[in-house]
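Novice: This is what each chain is made of:
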Amino acid sequence: MSQTDMAANSQRNPPPFPGSEDQDPLSEMADGDSDEGEDIFVGNRNPVAARTESFQPNTANGEEPADLFSEEDSGPAARSSNSPPGYKSSGVHSDDDSDLFAEASMELAGGGPSTAAKPSEAEAGPSPTTRKSTTQPMSMEQLEEDEVKDNFELDVAVTNPEKIGDGMNAYMAYKVSTVTTLPMFRNRTFSVWRRFSDFLGLYEKLSLKHSLNGCIIPPPPEKSVVGMTKVKVGKEDSSSADFVERRRAALERYLQRVVSHPSLLQDPDVREFLERDELPRAVSTQALSGAGFLKMINKASDAVNKMTIKINESDTWFDDKLQEVESEELQLRKLHTVVESLVNHRKELCGNTAVFAKSIAMLGTSEDNTALSRALSQLAEVEDKMEALHQAQAASDFFIFAELLADYIRLLGAVRGCFEQRMKAWQRWQESQSTLQKKREAEAKLLWANKPDKLQQAKEEITEWEGKVTQYERDFDRISVTVRKEVLRFEKEKSKDFKSQLVKYLESFLQSQQRLIKFWEAFLPEAKAIA
Amino acid sequence: SLSRQTARSVSVDLNNDASLLIDIPDALCERDKVKFTVHTKTTLSCFQKLDFSVPRQHEDFIWLHDTLVETEDYAGLIIPPAPPKPDFESPREKMHKLGEGEATMTKEEYSKMKQELEAEYLAVFKKTVQVHEVFLQRLSSHPILSKDRNFQIFLEYDQDLSVRRKNAKETFGSFFKNMVKSADEVIISGIKEVDDFFEQEKTFLLDYSSKIKDSTAKAEKMTRSHKNVADDYIHISATLSSLSVDDNTKVEGRVASDEELKLTELLRYYMRDIQAAKDLLYRRARALADYENSNKALDKARLKSKDMAQAEEHQQQCLQKFDKLSESGKRELTSFKGRRVVAFRKNLIEMAELEIKHAKNNMALLQGCIELLKSN
Numbered sequence: 001m002s003q004t005d006m007a008a009n010s011q012r013n014p015p016p017f018p019g020s021e022d023q024d025p026l027s028e029m030a031d032g033d034s035d036e037g038e039d040i041f042v043g044n045r046n047p048v049a050a051r052t053e054s055f056q057p058n059t060a061n062g063e064e065p066a067d068l069f070s071e072e073d074s075g076p077a078a079r080s081s082n083s084p085p086g087y088k089s090s091g092v093h094s095d096d097d098s099d100l101f102a103e104a105s106m107e108l109a110g111g112g113p114s115t116a117a118k119p120s121e122a123e124a125g126p127s128p129t130t131r132k133s134t135t136q137p138m139s140m141e142q143l144e145e146d147e148v149k150d151n152f153e154l155d156v157a158v159t160n161p162e163k164i165g166d167g168m169n170a171y172m173a174y175k176v177s178t179v180t181t182l183p184m185f186r187n188r189t190f191s192v193w194r195r196f197s198d199f200l201g202l203y204e205k206l207s208l209k210h211s212l213n214g215c216i217i218p219p220p221p222e223k224s225v226v227g228m229t230k231v232k233v234g235k236e237d238s239s240s241a242d243f244v245e246r247r248r249a250a251l252e253r254y255l256q257r258v259v260s261h262p263s264l265l266q267d268p269d270v271r272e273f274l275e276r277d278e279l280p281r282a283v284s285t286q287a288l289s290g291a292g293f294l295k296m297i298n299k300a301s302d303a304v305n306k307m308t309i310k311i312n313e314s315d316t317w318f319d320d321k322l323q324e325v326e327s328e329e330l331q332l333r334k335l336h337t338v339v340e341s342l343v344n345h346r347k348e349l350c351g352n353t354a355v356f357a358k359s360i361a362m363l364g365t366s367e368d369n370t371a372l373s374r375a376l377s378q379l380a381e382v383e384d385k386m387e388a389l390h391q392a393q394a395a396s397d398f399f400i401f402a403e404l405l406a407d408y409i410r411l412l413g414a415v416r417g418c419f420e421q422r423m424k425a426w427q428r429w430q431e432s433q434s435t436l437q438k439k440r441e442a443e444a445k446l447l448w449a450n451k452p453d454k455l456q457q458a459k460e461e462i463t464e465w466e467g468k469v470t471q472y473e474r475d476f477d478r479i480s481v482t483v484r485k486e487v488l489r490f491e492k493e494k495s496k497d498f499k500s501q502l503v504k505y506l507e508s509f510l511q512s513q514q515r516l517i518k519f520w521e522a523f524l525p526e527a528k529a530i531a
Numbered sequence: 001s002l003s004r005q006t007a008r009s010v011s012v013d014l015n016n017d018a019s020l021l022i023d024i025p026d027a028l029c030e031r032d033k034v035k036f037t038v039h040t041k042t043t044l045s046c047f048q049k050l051d052f053s054v055p056r057q058h059e060d061f062i063w064l065h066d067t068l069v070e071t072e073d074y075a076g077l078i079i080p081p082a083p084p085k086p087d088f089e090s091p092r093e094k095m096h097k098l099g100e101g102e103a104t105m106t107k108e109e110y111s112k113m114k115q116e117l118e119a120e121y122l123a124v125f126k127k128t129v130q131v132h133e134v135f136l137q138r139l140s141s142h143p144i145l146s147k148d149r150n151f152q153i154f155l156e157y158d159q160d161l162s163v164r165r166k167n168a169k170e171t172f173g174s175f176f177k178n179m180v181k182s183a184d185e186v187i188i189s190g191i192k193e194v195d196d197f198f199e200q201e202k203t204f205l206l207d208y209s210s211k212i213k214d215s216t217a218k219a220e221k222m223t224r225s226h227k228n229v230a231d232d233y234i235h236i237s238a239t240l241s242s243l244s245v246d247d248n249t250k251v252e253g254r255v256a257s258d259e260e261l262k263l264t265e266l267l268r269y270y271m272r273d274i275q276a277a278k279d280l281l282y283r284r285a286r287a288l289a290d291y292e293n294s295n296k297a298l299d300k301a302r303l304k305s306k307d308m309a310q311a312e313e314h315q316q317q318c319l320q321k322f323d324k325l326s327e328s329g330k331r332e333l334t335s336f337k338g339r340r341v342v343a344f345r346k347n348l349i350e351m352a353e354l355e356i357k358h359a360k361n362n363m364a365l366l367q368g369c370i371e372l373l374k375s376n
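Chains as they are written, first to last, in UniProt numbering: chain A, 1 to 531; chain B, 1 to 376.
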């Protein structure tokens, strides 16, 4: 394949099978989980050609302008009438329950059916900004309006997980699609393919650059050797499908958080990540994987706590806020444990309901009164439907609720991290002050001892350290301002996020209750017909 | 003490005859023991008063049941199954765990869990009262059993009944009897049946019995899982209350405990009732075996020309007993069938209606919550 071919195709095709330029075989091995692919679609490398209808926004509502996420930048005319219901792009609009995975499974029809089947009720992820309960998809005018309102000019989505390659070298590729009005991008809508290590690489770069400023860098999803190995090895079961979906959703939320951060959005690495056709492979993502980095931060903060350094300041805001964050993290961890228990119990309920349904069906066959026999087999069917409901609810419990909590536990860790950075800045400043003090004392001593050459050097050092003290004080002030700003922004985002996710969760619950009513209302006449 | 509303769901058409009306309006729970207040309203002359109540314990009910089972005259009847012992084990254990874990949870969480446990306790309580009441009402609505002298003593005797209850030796005896009875299925299936009705009944009951046992067990498992989910919601809602989210817990919890009362109870009850019907078949099978043995004995006697009159009489008695059992058995089993069908119907309708009602409540609650969250 020539370079141009690859460039042309890379818009559509996943990056070529590693074995070419940038693969570091050692890091492949060591890095047990970089996006090594789930072999759900055996050898399914080029489904893209069949997928021109991907990401159709909700055409039923009719208002979408350009076909936001298709490969060609074609207009509405290109959309066929049987395009799947709207792709729910993040942050653009509604809590339209359109089935993201219906389209994914449609596209991957050539491959395994198992992927998208399960989490069909799960949503695409939280919107960083919540539109005020609008159920209309965004028109261009609305987009512009909201630009002014919310300053949110970029939407990003992660979709179409695809396994590239086979065996232990395989990896998962994800399509990252962007819609934007920001002039710094070449196009308004574009897509690229990325693998998991690319996301980690992005995080690494952003941390290196921004965390020292006191920015809250959104942490990426965690690595999972077990999950990925299963997938690589080709286990085609629902747990693999769940794993892929979980990761896809987590990557999407991660990116959404990154792009909704005003400073990070301006970072050229982010731009490159979103836009550039091929990214150099991120190596050594092990050391600075999200979890690894957080571990470093946690260790550091533990160390600090043990030293019980307190910043001597009159403004207790930071101290109070840190305590709030720590206690909130504890609460969320507790809550997460209970929600995990809920997911498991509901899965159990699922299983027990299915077993019960079978048993009642058997009882029905044994029953000699005809009408009662029929009613019992109807009951068995209702219980089967209930099982499906419980299943869907369990998915909702997990993908909406549990993942929300897991995200924020990690995020709160990142928040603590930036308090950490501020603490370090303060320390640096304090230490420089004490060093300056020492230098001055040394100078005084030299004055007494009357050593002119050393005196000169001492004076130079004093000037140097005076400069440093000023510098570090300024740094500290700056980081304090940033931390405060970041935390306030974070809290706002968190509150919005929680609210919108909870609404989504409750709405899924609401839906299941509606269906429940239908099932039982259909059963009632059967029960009444018993004679 | 507890005043309960009627919610009889496992049997119908009971307590309709004004000449003898029984109910359990009240019950007291002291530690392990439940004291039931058995209230009788009657126009029958065999009773001393027209309207009276006595306190009874669970063991008194068991005594009554066992006495009836052991009465020869009632061999051809389906004796209503004895009510199971009140079992507060589950909520009590949970209450204990809750007490131990009190330090680790917030005040709100603790109070919510306590509330939930109290509701569970209440549900168990209601269940046991109901099942004891149904037992008595089955007796009172049976043309033959309602006239039983021991039954009347049970209803009326205003002293402690424990004197009349089994002593240890007798208990052992009945235990042994139960052991033998567990082979009843073999005996029943082994019988050479001439009567079509009983042939069908036998097949049906044996099959149905094992299936309903299975369904009961699985229904119990299902409702337990549902309870676990409800409990999780309590923890969640307590922790989330700072975000002013709703009370999913009450809603899920109530559905679980209502399902418990309805479907599982129905199945459990009929599992025991089927057993009572099987017991009848068993007794009839024994009677047939006795008859066949008496035939053999008669033949032997004729051969030996010895004790012929005695053998003949014995044979006649066996035949009579067998015929009586068959005739009454047929009646009993037919009415049992009808009763079962009616009870299932009532129960399934109520269950479906409850599911719908609760789902609608849930929806209202959820919608309210969603509005609240969206409007902030």
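No lab work stands behind these hints, which were simulated from the structure alone. One thing to keep in mind: the hints can contain errors.
[Stated by the list, open to error] With a Cα cut of at most 30 Å, we get these calculated DSSO-like pairs of lysine-lysine:
#, chain 1, residue 1, chain 2, residue 2
1, B, Lys330, A, Lys347
2, A, Lys358, B, Lys213
3, B, Lys346, A, Lys528
4, B, Lys337, A, Lys358
5, A, Lys358, B, Lys357
6, B, Lys213, A, Lys496
7, B, Lys221, A, Lys347
8, B, Lys374, A, Lys492
9, B, Lys337, A, Lys528
10, B, Lys94, A, Lys499
11, B, Lys357, A, Lys499
12, B, Lys357, A, Lys518
13, A, Lys485, B, Lys374
14, B, Lys107, A, Lys358
15, B, Lys94, B, Lys35
16, B, Lys374, A, Lys321
17, A, Lys528, B, Lys202
18, A, Lys528, B, Lys330
19, B, Lys357, A, Lys347
20, A, Lys528, B, Lys94
21, A, Lys518, B, Lys346
22, A, Lys499, B, Lys114
23, A, Lys496, B, Lys107
24, B, Lys221, A, Lys334
25, B, Lys346, A, Lys358
26, B, Lys360, A, Lys347
27, A, Lys518, B, Lys221
28, B, Lys346, A, Lys385
[What the hints assert, rightly or not] Reference listing, derived: stretches of chain B covered by chain A, where coverage requires no fewer than 3 residues with Cβ under 8 Å from a Cβ of chain A:
#, region
29, 52 to 65
30, 201 to 213
31, 216 to 223
32, 353 to 365
In this text, a Cβ means the ideal position worked out from N, Cα and C, and glycines have one as well.
Novice: Hints first: check each against the structure and report whether it holds.
Specialist: The hints, checked one at a time:
1. Lys330/B <-> Lys347/A: violated, 46 Å
2. Lys358/A <-> Lys213/B: Since the Cα atoms of Lys358/A and Lys213/B sit roughly 13 Å apart, the hinted pair holds (cutoff 30 Å).
3. Lys346/B <-> Lys528/A: Roughly 8 Å separates the two Cα atoms, so the pair holds.
4. Lys337/B <-> Lys358/A: holds, 23 Å
5. Lys358/A <-> Lys357/B: It holds: about 26 Å lies between the C-alpha atoms, which stays within 30 Å.
6. Lys213/B <-> Lys496/A: violated, 51 Å
7. Lys221/B <-> Lys347/A: Distance of about 13 Å is within 30 Å: holds.
8. Lys374/B <-> Lys492/A: holds, 15 Å
9. Lys337/B <-> Lys528/A: holds, 18 Å
10. Lys94/B <-> Lys499/A: violated, 33 Å
11. Lys357/B <-> Lys499/A: Satisfied, since the Cα-Cα distance of roughly 28 Å is no more than 30 Å.
12. Lys357/B <-> Lys518/A: It holds: about 12 Å lies between the C-alpha atoms, which stays within 30 Å.
13. Lys485/A <-> Lys374/B: With Cα atoms ~26 Å apart, Lys485/A and Lys374/B stay inside 30 Å; holds.
14. Lys107/B <-> Lys358/A: Status violated; Cα separation ~42 Å.
15. Lys94/B <-> Lys35/B: Distance of about 23 Å is within 30 Å: holds.
16. Lys374/B <-> Lys321/A: holds, 27 Å
17. Lys528/A <-> Lys202/B: holds, 28 Å
18. Lys528/A <-> Lys330/B: holds, 28 Å
19. Lys357/B <-> Lys347/A: With Cα atoms ~24 Å apart, Lys357/B and Lys347/A stay inside 30 Å; holds.
20. Lys528/A <-> Lys94/B: violated, 38 Å
21. Lys518/A <-> Lys346/B: Holds - the C-alpha atoms of Lys346/B and Lys518/A are around 20 Å apart, at most 30 Å.
22. Lys499/A <-> Lys114/B: holds, 29 Å
23. Lys496/A <-> Lys107/B: holds, 27 Å
24. Lys221/B <-> Lys334/A: Cα-Cα ~27 Å, so holds.
25. Lys346/B <-> Lys358/A: The hint holds at about 22 Å.
26. Lys360/B <-> Lys347/A: holds, 24 Å
27. Lys518/A <-> Lys221/B: This hinted pair holds, its Cα atoms lying about 25 Å apart.
28. Lys346/B <-> Lys385/A: It holds: about 22 Å lies between the C-alpha atoms, which stays within 30 Å.
29. 52 to 65: As far as the region 52 to 65 of chain B goes, the hint is violated, because 0 residues have Cβ atoms under 8 Å from chain A.
30. 201 to 213: holds (count 5)
31. 216 to 223: holds (count 4)
32. 353 to 365: Contact hint for the region 353 to 365 of chain B vs chain A: holds, 7 residues under 8 Å.
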